[in-house]
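K.L.:
Single-letter residue listing:
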Amino acid sequence: MAAIEMKNIVNEYGDGFPAVNDVSIDVADGEFMILVGPSGCGKSTLLRMVVGLEDITSGEMVIGGERVNDKAPRDRNLAMVFQNYALYPHLTVYENIAFPLRLSKEFNEKQIDEKVRDASKTLELDEHLDRKPGNLSGGQRQRVAMGRAIVRDAKAFLFDEPLSNLDAKLRGQMRTEIARLQKRLGITTVYVTHDQTEAMTLGDRVAVLKRGLLQQLATPRELYENPGNLFVAGFIGSPPMNFLPCEVSGTTAKLPFGDVQLPAEKAAKVEGRGLLIAGARPEHFEDASLASNEVRTGSTFRATVDVVEWLGNETYAYIPFEAPPEVEQQLAQLERDLDGESLRTQLVVSLDGASRIAAGSEAEIWLDASKLHLFDPATGENLTVDTEHAGQIPDAAATV
Amino acid sequence: MKRKTSIGTLVGFLIILVWCLLPVAWIISLSFKTSAETAVGSPQFLPKDPSWQNYKDVLGFGTITPGQEGTHTDFLDALRNSFGIAIIATLLAVIFATFAAYAIARLDFKGKRLVLSLALAIAMFPVVALVGPLFDMWRTLHLFNTWPGLIIPYMSFTLPLAIWTLSAFFREIPWEMEQAAQVDGATSWQAFRKVIVPLAAPGVFTAAILTFFFAWNEFVLAISLTSTTKSRTVPAQMAFFVGPDPFNPPYGQLATASVVVTIPIIIIVLLFQRKIVAGLTSGAVKG
Numbered sequence: 001m002a003a004i005e006m007k008n009i010v011n012e013y014g015d016g017f018p019a020v021n022d023v024s025i026d027v028a029d030g031e032f033m034i035l036v037g038p039s040g041c042g043k044s045t046l047l048r049m050v051v052g053l054e055d056i057t058s059g060e061m062v063i064g065g066e067r068v069n070d071k072a073p074r075d076r077n078l079a080m081v082f083q084n085y086a087l088y089p090h091l092t093v094y095e096n097i098a099f100p101l102r103l104s105k106e107f108n109e110k111q112i113d114e115k116v117r118d119a120s121k122t123l124e125l126d127e128h129l130d131r132k133p134g135n136l137s138g139g140q141r142q143r144v145a146m147g148r149a150i151v152r153d154a155k156a157f158l159f160d161e162p163l164s165n166l167d168a169k170l171r172g173q174m175r176t177e178i179a180r181l182q183k184r185l186g187i188t189t190v191y192v193t194h195d196q197t198e199a200m201t202l203g204d205r206v207a208v209l210k211r212g213l214l215q216q217l218a219t220p221r222e223l224y225e226n227p228g229n230l231f232v233a234g235f236i237g238s239p240p241m242n243f244l245p246c247e248v249s250g251t252t253a254k255l256p257f258g259d260v261q262l263p264a265e266k267a268a269k270v271e272g273r274g275l276l277i278a279g280a281r282p283e284h285f286e287d288a289s290l291a292s293n294e295v296r297t298g299s300t301f302r303a304t305v306d307v308v309e310w311l312g313n314e315t316y317a318y319i320p321f322e323a324p325p326e327v328e329q330q331l332a333q334l335e336r337d338l339d340g341e342s343l344r345t346q347l348v349v350s351l352d353g354a355s356r357i358a359a360g361s362e363a364e365i366w367l368d369a370s371k372l373h374l375f376d377p378a379t380g381e382n383l384t385v386d387t388e389h390a391g392q393i394p395d396a397a398a399t400v
Numbered sequence: 001m002k003r004k005t006s007i008g009t010l011v012g013f014l015i016i017l018v019w020c021l022l023p024v025a026w027i028i029s030l031s032f033k034t035s036a037e038t039a040v041g042s043p044q045f046l047p048k049d050p051s052w053q054n055y056k057d058v059l060g061f062g063t064i065t066p067g068q069e070g071t072h073t074d075f076l077d078a079l080r081n082s083f084g085i086a087i088i089a090t091l092l093a094v095i096f097a098t099f100a101a102y103a104i105a106r107l108d109f110k111g112k113r114l115v116l117s118l119a120l121a122i123a124m125f126p127v128v129a130l131v132g133p134l135f136d137m138w139r140t141l142h143l144f145n146t147w148p149g150l151i152i153p154y155m156s157f158t159l160p161l162a163i164w165t166l167s168a169f170f171r172e173i174p175w176e177m178e179q180a181a182q183v184d185g186a187t188s189w190q191a192f193r194k195v196i197v198p199l200a201a202p203g204v205f206t207a208a209i210l211t212f213f214f215a216w217n218e219f220v221l222a223i224s225l226t227s228t229t230k231s232r233t234v235p236a237q238m239a240f241f242v243g244p245d246p247f248n249p250p251y252g253q254l255a256t257a258s259v260v261v262t263i264p265i266i267i268i269v270l271l272f273q274r275k276i277v278a279g280l281t282s283g284a285v286k287g
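Heads up: the sequence lines are chains F and X, in that order. Per the numbering used here, residue 1 is the first one in the first sequence, and the count goes up by one each step. Per the numbering used here, residue 1 is the first one in the second sequence, and the count goes up by one each step.
Hints may be right or wrong, so weigh each one.
With beta-carbon atoms standing in for the labels, derived distance ranges [to be verified]:
#1 X:112 <-> F:395: 51 to 57 Å
#2 F:55 <-> X:118: 29 to 35 Å
#3 X:118 <-> F:95: 36 to 42 Å
#4 X:262 <-> F:107: 47 to 53 Å
Only pairs whose alpha carbons sit at most 20 Å apart, straight line, appear in this in silico DMTMM-like list of lysine to aspartate or glutamate [unchecked claim]:
#5 F:132 <-> X:178
#6 F:132 <-> X:49
#7 F:71 <-> X:178
#8 X:110 <-> F:15
#9 F:132 <-> X:176
#10 F:71 <-> X:176
Beyond 10 Å from chain F on every Cβ pair, some chain X residues (computed) [unchecked claim]:
#11 83
#12 95
#13 99
#14 102
#15 109
#16 113
#17 183
#18 192
#19 214
#20 230
#21 248
None of these hints come from the bench; they were simulated from the model. Beta carbons: idealized from backbone N, C-alpha and C, even for Gly.
Chain F with its partners taken away, still in its complex shape:
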């Protein structure tokens, strides 16, 4: 086991385009680190540089206190699970798991057998040991790939989107399984995913990347509550954060649906900034008639609900609105960055399941304005971020 330090790592393509640009991440010994971002953000490239399958253009990769920039993958002693598992189809499950042990030449037949059976027991692969990978289901293959990783005493585990080829139910199960295994083995882990749910549930800390740049490195809770910029705010959370055009004068924030009162310290941070983008998570809204019991720190507004999705425990209500062109352009760009397709600017609010608001009707909605984030529309920077609880936000990140 070892800590992994990435210092100002850069990877440039042949044409000089940086796939990974000046990324510094320190993974502590035993930590579960997630690299997350939309496709093309450089997360897989970064992982492959850790393992040595991709060249490092500049910067330093230090694993266990040792600089490994020029070391071949086999000399780095890391275990990796590939997206398509990369099992050896000509070998049985047993031989697949034993493969790294046989290569190391350190173990005799008896020790190999012991280790393989130990790993197969952990992953409940005992009855499949004599089968070929081609005859296994997706979940079983996934476990064989993990077996090949845990059988060695590797310094760290690296996962490259290991669950993306599984169906939704299995993905949930394997996610828990990976978390349990990592906690038990206490081994340093770097895990790449594009799925924000995996990032939130698995990681001790999460590194959010966009177009090769590190956006924010923080715990899942910090990312959720204190996103450093528009991109992180939009990426983390499902359904995503709502972005609304907003103008602040004094402590009054003018939103498309009406005015809300901001806490004084938030209002002070954005004094005289003109047009801003306000970010509000769906759950910070509520049906005003049901929110009456709560502490009413926020304000209410009236709006026409377009569509209502009732899920039993909660209700999603969709409220379309018109945004000024400069904000709309910014939001469309953000949507593209997030691999999405923006059809219209709309507000998604999560209401209590007991809410009786019907589609097409006008409703009174309550907003917890103390949770509101305010972003600079030009740079995307979160002006109201609580820097003490936001992990690391590199300076270069905010510029959209």
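The hints should help you fit chain X onto chain F, whose structure is shown.
P.N.:
Okay, now just chain X, sitting in the frame of chain F:
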């Protein structure tokens, strides 16, 4: 309706079988006929009086027809040459082709297309056109009438096909296989030998079979570049089966030699075919 088609299929099969196997059956039947029978020219299909005499003369056991003592020693020498040359040519061609194909499939180097098109050009070149120049060259280089003198051209003519076949197979193997092996602690060579080659085994066997067939059956070069049984292969040696009467070629013996020379091919095909099928269906071939 279904029955009709199955009968139709059966009839079709039969026609094809007869079409393909009749000449083989004719040769087998010929090989059991005595020289007296083949000389009279009565073309009945089955031998009137089947005898092993041709096999005795060609392979050299039992009582040999007087005046035919040399036939079997020459034939056995040729058989030895055939085996030696074909096996060595196959081995070398497959090894070279594997490396070349791997490089073509995996590495990005300048002139890759040139190598591939050159290989194709060689395959398209008519062999006969090269006989003259090769004959002259081999005499100067003292390769005339030697094993290498045949192995080298056989190799060069089968390499293109082997390279094309194998590079297609290599391209099918995902990059991750190799990277996984490297992360697991393998050197590039170990990754190649323990993961890539076993996975490409069906391709390797296909290439090996094709090469072996070519070397085993080749006639033009074999007869032009050899002069004695020191290096003459079976197809060429059969042209020297003359018999006592120059106007009456020993058909029986020729047929016998053909039968004998076909048997190894059948065995090899059956052996390798099983490997190919096993490789394709389950990836079960262990390198």
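K.L.:
Taking the hints in turn, state whether each one holds.
P.N.:
Consistency of the hints with the structure:
1. X:112 <-> F:395: 51 to 57 Å: violated (45 Å)
2. F:55 <-> X:118: 29 to 35 Å: This hint holds: roughly 32 Å between Cβ atoms.
3. X:118 <-> F:95: 36 to 42 Å: Because 40 Å falls inside the window, the suggested range holds.
4. X:262 <-> F:107: 47 to 53 Å: About 50 Å separates the Cβ atoms of residue 262 of chain X and residue 107 of chain F, which means 47 to 53 Å holds.
5. F:132 <-> X:178: holds (18 Å)
6. F:132 <-> X:49: violated (56 Å)
7. F:71 <-> X:178: Since the Cα atoms of residue 71 of chain F and residue 178 of chain X sit roughly 17 Å apart, the hinted pair holds (cutoff 20 Å).
8. X:110 <-> F:15: holds (18 Å)
9. F:132 <-> X:176: Between residue 132 of chain F and residue 176 of chain X the Cα gap is close to 18 Å, so the pair holds against 20 Å.
10. F:71 <-> X:176: holds (19 Å)
11. 83: Residue 83 of chain X is indeed farther than 10 Å from all Cβ atoms of chain F, at 30 Å.
12. 95: holds (20 Å)
13. 99: holds (20 Å)
14. 102: holds (17 Å)
15. 109: holds (15 Å)
16. 113: About 19 Å separates residue 113 of chain X from the closest Cβ of chain F, which puts it past 10 Å; holds.
17. 183: violated (5 Å)
18. 192: holds (13 Å)
19. 214: About 28 Å separates residue 214 of chain X from the closest Cβ of chain F, which puts it past 10 Å; holds.
20. 230: holds (43 Å)
21. 248: holds (57 Å)
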